[in-house]
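S.K.: These protein sequences, in sequence, are chains R and P. Mapping the first sequence onto the numbering used here, position 136 (from 1) lands on 838, and the numbers just tick up by one. Mapping the second sequence onto the numbering used here, position 106 (from 1) lands on 808, and the numbers just tick up by one.
Please keep in mind that the hints were generated in silico from the structure rather than gathered at the bench. Just so it is clear, CB atoms sit at the ideal spot from N, CA and C, and this is done for glycine as well. Every clue listed holds true.
Estimated spans, in silico, between C-beta atoms of each pair:
(1) R:C1108 <-> P:T761: 41 to 47 angstroms
(2) P:L1049 <-> R:E861: 37 to 43 angstroms
(3) P:K1217 <-> R:S997: 56 to 62 angstroms
(4) P:D886 <-> R:E861: 45 to 51 angstroms
Here's a subset of chain R near chain P, in silico, CB distances under 7 angstroms, partners left out:
(5) T741
(6) G760
(7) G935
(8) G937
(9) A1022
2 protein chains.
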Amino acid sequence: MKRKAVSIMKNITDYIDTAMGRAVPDIILKGGNIINVFTGEITRADVAVKNGIICGVGTYSGDNETDVSGKYIMPGFIDAHVHIESSMTTPIEYAKAVMPHGITTVIADPHEIANVCGEDGLKYMKEASKNIPLDINLMLPSCVPATPFEHSGAIFTAERTKEIANDYFGIAEMMNYPGILSCDSETIGKLCGDIIDGHAPLLSGRGLDAYISAGIKTDHECTLAEEMSEKIGKGMYVLLREGTLSHDMEKLISAVTPHTLRRCAFCTDDRFVGEIIRDGSIDHCIRKATSLGVSSVDAIIMATLNPCEIYGMKNKGAIAPGYIADIVVSEDLSLNKITKVYKNGTLVCENGKSLFNSGAVYVSKVTDTVHLPQITADFFYNSPPETFTAIEFVQDSIITKKVTACKGDKLSKVCVIERHKNLGTKGIAYVTNYGITNGAIAASIGHDSHNIIVIGDNDSDMALAVNALGKSGGISVCSDGDVIAKMNLDIAGLMSVKSADEVIAEHDSLYEAAKSLNITDKIDPFLSIAFLPLPVIPEIRITDSGLFDVTEFKFI
Amino acid sequence: MKRKAVSIMKNITDYIDTAMGRAVPDIILKGGNIINVFTGEITRADVAVKNGIICGVGTYSGDNETDVSGKYIMPGFIDAHVHIESSMTTPIEYAKAVMPHGITTVIADPHEIANVCGEDGLKYMKEASKNIPLDINLMLPSCVPATPFEHSGAIFTAERTKEIANDYFGIAEMMNYPGILSCDSETIGKLCGDIIDGHAPLLSGRGLDAYISAGIKTDHECTLAEEMSEKIGKGMYVLLREGTLSHDMEKLISAVTPHTLRRCAFCTDDRFVGEIIRDGSIDHCIRKATSLGVSSVDAIIMATLNPCEIYGMKNKGAIAPGYIADIVVSEDLSLNKITKVYKNGTLVCENGKSLFNSGAVYVSKVTDTVHLPQITADFFYNSPPETFTAIEFVQDSIITKKVTACKGDKLSKVCVIERHKNLGTKGIAYVTNYGITNGAIAASIGHDSHNIIVIGDNDSDMALAVNALGKSGGISVCSDGDVIAKMNLDIAGLMSVKSADEVIAEHDSLYEAAKSLNITDKIDPFLSIAFLPLPVIPEIRITDSGLFDVTEFKFI
Chain R
703 MKRKAVSIMK
713 NITDYIDTAM
723 GRAVPDIILK
733 GGNIINVFTG
743 EITRADVAVK
753 NGIICGVGTY
763 SGDNETDVSG
773 KYIMPGFIDA
783 HVHIESSMTT
793 PIEYAKAVMP
803 HGITTVIADP
813 HEIANVCGED
823 GLKYMKEASK
833 NIPLDINLML
843 PSCVPATPFE
853 HSGAIFTAER
863 TKEIANDYFG
873 IAEMMNYPGI
883 LSCDSETIGK
893 LCGDIIDGHA
903 PLLSGRGLDA
913 YISAGIKTDH
923 ECTLAEEMSE
933 KIGKGMYVLL
943 REGTLSHDME
953 KLISAVTPHT
963 LRRCAFCTDD
973 RFVGEIIRDG
983 SIDHCIRKAT
993 SLGVSSVDAI
1003 IMATLNPCEI
1013 YGMKNKGAIA
1023 PGYIADIVVS
1033 EDLSLNKITK
1043 VYKNGTLVCE
1053 NGKSLFNSGA
1063 VYVSKVTDTV
1073 HLPQITADFF
1083 YNSPPETFTA
1093 IEFVQDSIIT
1103 KKVTACKGDK
1113 LSKVCVIERH
1123 KNLGTKGIAY
1133 VTNYGITNGA
1143 IAASIGHDSH
1153 NIIVIGDNDS
1163 DMALAVNALG
1173 KSGGISVCSD
1183 GDVIAKMNLD
1193 IAGLMSVKSA
1203 DEVIAEHDSL
1213 YEAAKSLNIT
1223 DKIDPFLSIA
1233 FLPLPVIPEI
1243 RITDSGLFDV
1253 TEFKFI
Chain P
703 MKRKAVSIMK
713 NITDYIDTAM
723 GRAVPDIILK
733 GGNIINVFTG
743 EITRADVAVK
753 NGIICGVGTY
763 SGDNETDVSG
773 KYIMPGFIDA
783 HVHIESSMTT
793 PIEYAKAVMP
803 HGITTVIADP
813 HEIANVCGED
823 GLKYMKEASK
833 NIPLDINLML
843 PSCVPATPFE
853 HSGAIFTAER
863 TKEIANDYFG
873 IAEMMNYPGI
883 LSCDSETIGK
893 LCGDIIDGHA
903 PLLSGRGLDA
913 YISAGIKTDH
923 ECTLAEEMSE
933 KIGKGMYVLL
943 REGTLSHDME
953 KLISAVTPHT
963 LRRCAFCTDD
973 RFVGEIIRDG
983 SIDHCIRKAT
993 SLGVSSVDAI
1003 IMATLNPCEI
1013 YGMKNKGAIA
1023 PGYIADIVVS
1033 EDLSLNKITK
1043 VYKNGTLVCE
1053 NGKSLFNSGA
1063 VYVSKVTDTV
1073 HLPQITADFF
1083 YNSPPETFTA
1093 IEFVQDSIIT
1103 KKVTACKGDK
1113 LSKVCVIERH
1123 KNLGTKGIAY
1133 VTNYGITNGA
1143 IAASIGHDSH
1153 NIIVIGDNDS
1163 DMALAVNALG
1173 KSGGISVCSD
1183 GDVIAKMNLD
1193 IAGLMSVKSA
1203 DEVIAEHDSL
1213 YEAAKSLNIT
1223 DKIDPFLSIA
1233 FLPLPVIPEI
1243 RITDSGLFDV
1253 TEFKFI
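Next comes chain R alone, as it looks inside the complex (with noise of 0.2 angstroms):
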């Protein structure tokens, strides 16, 4: 798997050059407490800096000093499992909101922009990710589609994942655990290289130990202590995330010991951007982590070595000779005022602000993906039974409740439309406790294969939301025959063109428009539609392919 890192054997002869003083280093960090992630001290030393190499700790002087005593140096954070897209931005504006809260690198699975747009999507977020000081390390997608009950806007095939699969840094989530488990050759087939990423909620005993047996490494979705100590007790490594909607700290905190550390890194999987500019991203983790009891130096041994253990980047992840120069500055360890970072030696933030951008990047391929003619509100015509299969959304999370309802029931209607070939496929269904009244919101977020979701209570706002989506796809709030808030994602239906600033509000506008249309506060308007399609999140689902029940592995 290629890796984006300097190689420590360029210039090699500057670097001792330095450490032993016959060359100048570029930068000197003088006099900070550094946090050394091997020892788990905190240890006051000087860092000497030589081509985006830290050569030296210990005592070192000369020009190009920074003053940084009292303040705490530390390896810059990494997000060990993320989806960019999920932020609703570029990867440069999502780069300039991770990087001034110390993350300096991403293991990025470009899934989302992969099922809308296939390869293309995969090489627009190459293209983009490029003269970005993050490091963007691009996984390849293994579940395109995510699963075989609805339809996405490409395939990834075995045969075409090994022929690619050297141009990534490894293959991405393997959520088709059941197949997996049934040996079926197709989702094998891609399970090629060292670093494979897994993905398998509650999955244990005789099932986890297949799924590992395959050669899978990591898993994100750990939900409970047991689960997490059972995983990583057969060798996994567990990614413990803090999502925009998914919350697992907590939860998994006491599976964390002396032994464990080593197999535990963070990651926020999806993560909007306005919560990463508010609240943090991997520092966030890290307050989170503490907060619930683990050292700040643990905390931070997670975001940094562990995760370059586990992925395999050999020179990153500590304050120590030999080491790529990615460095946070911080004025104490709630990492509440980052004051510097510094990427390959480079400052690129400095209290708070980013101070890079980028050029434009092209993105034709990856534009007016949303493939549907004009629809009218007969489109959603339909006549349920006295009593049937209804969906009931769970506060606080993505997982949904099968139940029955009943004709008279106050219900909402949701429906997902293929919207990447105009197949003419849709999926119909009611809510029980969504509460949507006089109005309908649409959106081209529908995970995983992103399709457009649309949920009202009366079928001509809801034709509304969806043709107000247009060929670029977004979201779109109706109410009484208007458009009342409207975002644009330009991209793939999926991020917007932006910046992040922009995006923030506009998806604030969005909230404000959704809270006049009586939807119960104990749910999420968006997150919780933008998660319905998906059919391996219990216990039940809509995709364009009609009502799956996920416990049972088949449509309704």
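Based on these hints, arrange chain P on the given structure of chain R.
M.R.: Using the frame of chain R, we list chain P on its own:
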């Protein structure tokens, strides 16, 4: 670098089917207490093995069960750094000695034979390591010769090192740290690939920063806890050594903490086969560590998972799904009664006995390596001045002291004679506290160039002892004109072609004979002289080029 490891991608469906219960395991170890190197726990479980790979750890039953209830099940032990030559036996005899002690993998540096036979020596070690159950991962020696202050049998250039590096597991211990620190291009040029072992006794501060900046990742020469802490804190892995001569564990153990544990492994470096059979190898390191307060499980982690992480052996070092079935079954955690050892799922040792053998290995290019004419007593004629610099041995150490002697003192004469190319070079010096009377000892083991070393109190016994070695080399003890003991070391003058039992018996005879010569019992008569020509160990050494002051790093 090449890996001698079974690919887990082979027969992947077999593993899955076995885990799921659809295929019959080749072996089920039933009801043992599993040492879990990931969680640090010991839990009762069954282990299912298929095609040499562990597929399941849980509840498995069926045909092929082996009852191990009440016994402890752990991964095979790994010697992270060993010169097999120092066992004085061939690789097959070495394997038969270590494997009953639970060692299933070694990282072997054929540094000794390379200094005598060059690439022919490496080829022999490769050939002789085939068809042996022990995984012998051969490193490419980086220091042939070890220093420019002696004449070795071969020279490995940087250019040639780069050409052949990919045929080896990594680059072996870079002893020439002055060459690194001074940016000598021939030395730096040998640093290629991911795995580069170090050797930097007492190096610290900026010198250590420089050495590590060059990409060197391990050190097995620590003798002080503070030295070890600094090295780990700067990113090195430390291999705690218990060899025949070097016993470092006791002084280092306080530097093993919950944080540094993962950066530590065990090695034997140089260990005679008799000691292996009597006291063990890495199992001895585990016992030693636990006797010093480390928990049994932590000591086992240092002997298994950790070296696998250090050397990138991804599916070795744990009892977990997908891992190579290198398994040790022990009656208890003292490891004094290891009942079974499995390698790649095959039972290779039982109750202290190895169950394997191998065919003869073609050895012609590594024999008859002593190229000297017959010599006579006047070869050693030497007339020292009234006062001169002499060597004092230090008890239980290979360190020596530089002292001043007078002409009338009772001294032993020592001589190192070039033996590879019959260059005619020799160095003569005097030892103050060896105490040999009426005799001489000669050997073709003289680290690291392995020239002939001879020590005695009279020139005629010294000449006899050297002549007695013949073309093949070995060790001889002479007294009053008679050869009173002799051991042939046909392979490079370093290793016997005989069985371990025969080697031990001959070795015992040598010591018996040496006893009769009134050598002080504070000094090992053979090991003391074996390391006397190594001009990197303080304070004073003798090579075929003369008396060498290691502190000043120049000839006297």
